[in-house]
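Under the numbering used here, the first residue of the sequence shown is numbered 395, with each subsequent residue one higher.
Please note that the accuracy of each hint is not assured.
DSS-like, lysine-lysine: derived pairs with alpha carbons at most 27 angstroms apart [claimed, not checked]:
1) K592 / K513
2) K591 / K531
3) K430 / K506
4) K652 / K614
5) K667 / K592
6) K443 / K483
No lab work stands behind these hints, which were simulated from the structure alone.
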Amino acid sequence: MNENIFSPQEISCIVNPQAANKKWQRRKKLKRYLQKNLPCQIIDFQGSKEETIEIARKQSLTQKIIVAVGGDGTISDVIQGIIEARREKDVILGIIPFGSGNAFRKSLGLPKNIKKAIKLLKEGETREIDLIDIEGKVTGIASIGATAKATQEKLQHNIQGFLGHVLASRIIPSLPKTEQQIELFDGINDNGEHFDKKTLNLRLFECVVGKTTYFGYSWKVSPRAKIDDGYLDITLYETSGLKYLLFFPLIYFGLYQKTQKHFKAKKMIVRGKDLPVQYNGEFLGMKDKFEFRVLPRALKIIVPRNDEQ
Numbered sequence: 395m396n397e398n399i400f401s402p403q404e405i406s407c408i409v410n411p412q413a414a415n416k417k418w419q420r421r422k423k424l425k426r427y428l429q430k431n432l433p434c435q436i437i438d439f440q441g442s443k444e445e446t447i448e449i450a451r452k453q454s455l456t457q458k459i460i461v462a463v464g465g466d467g468t469i470s471d472v473i474q475g476i477i478e479a480r481r482e483k484d485v486i487l488g489i490i491p492f493g494s495g496n497a498f499r500k501s502l503g504l505p506k507n508i509k510k511a512i513k514l515l516k517e518g519e520t521r522e523i524d525l526i527d528i529e530g531k532v533t534g535i536a537s538i539g540a541t542a543k544a545t546q547e548k549l550q551h552n553i554q555g556f557l558g559h560v561l562a563s564r565i566i567p568s569l570p571k572t573e574q575q576i577e578l579f580d581g582i583n584d585n586g587e588h589f590d591k592k593t594l595n596l597r598l599f600e601c602v603v604g605k606t607t608y609f610g611y612s613w614k615v616s617p618r619a620k621i622d623d624g625y626l627d628i629t630l631y632e633t634s635g636l637k638y639l640l641f642f643p644l645i646y647f648g649l650y651q652k653t654q655k656h657f658k659a660k661k662m663i664v665r666g667k668d669l670p671v672q673y674n675g676e677f678l679g680m681k682d683k684f685e686f687r688v689l690p691r692a693l694k695i696i697v698p699r700n701d702e703q
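Construct the entire structure; sequences and hints are all you get.
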């Protein structure tokens, strides 16, 4: 992005003041640094997820660049707002990582250092990336089964951050596998063979659908996902809860996944009984049917230039 192309009036920075245990309030110098090095409209507020989405939607109607200042939750809300405004072809997303979970940042190779992230917003280039649509909600990562139940547990007990993930994971060994019918459309198997439609009837512990590689705290949950290949990346776990927990270190680093069923597809329909689904750490709910679609080149985002990666 060339900083001379846009005026400060065309750039909005949406800040989550609760990100990373309220670092924003404790580091007022960062706000001054941002105002000096990236002149923009700073929207610093404390509101709900729905309010963040609505602010991002309204800002998208008039702005050229929306910068999400926060963690994965803030980024997800800002993206949702841009999509709901139907301005994804006109608005560019920027990211300043400032939360406890920065999986989206890591998946795109964005700098963790805040000052480097601000510098990137001025000197980086724009890239178009894919997203996942789950019945109107957009995300880079989603799952059905065990991690969705753990997400529900974490939110019910309102335990934030890494500790929340650890405590919620205690239920993993006791969770059963469930009968699921997976329908894949316009896909590719691991041998590179294309299929128009594939139906699988399986007993699954977990199904992960990814566009981004990482989830939460650097968990390499979808090691074969590519952010712009036009496909959902789907990993199907037929393992038990106890085995999942036993092999979790290998799952965390993306090694165990190659032993499980894996496909790429442009659409997936999952059917079962009371299936729990989460997207980007948000619990979507429990239903008997969910539909996932890839949204190719759905968002413009500022990333490092090729010669800097």
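Status of each hint after checking the structure:
{"no.": "1", "hint": "K592 / K513", "in the structure": "46 angstroms, violated"}
{"no.": "2", "hint": "K591 / K531", "in the structure": "24 angstroms, holds"}
{"no.": "3", "hint": "K430 / K506", "in the structure": "20 angstroms, holds"}
{"no.": "4", "hint": "K652 / K614", "in the structure": "12 angstroms, holds"}
{"no.": "5", "hint": "K667 / K592", "in the structure": "20 angstroms, holds"}
{"no.": "6", "hint": "K443 / K483", "in the structure": "23 angstroms, holds"}
The structure fails hint 1 only (numbered hints given earlier).
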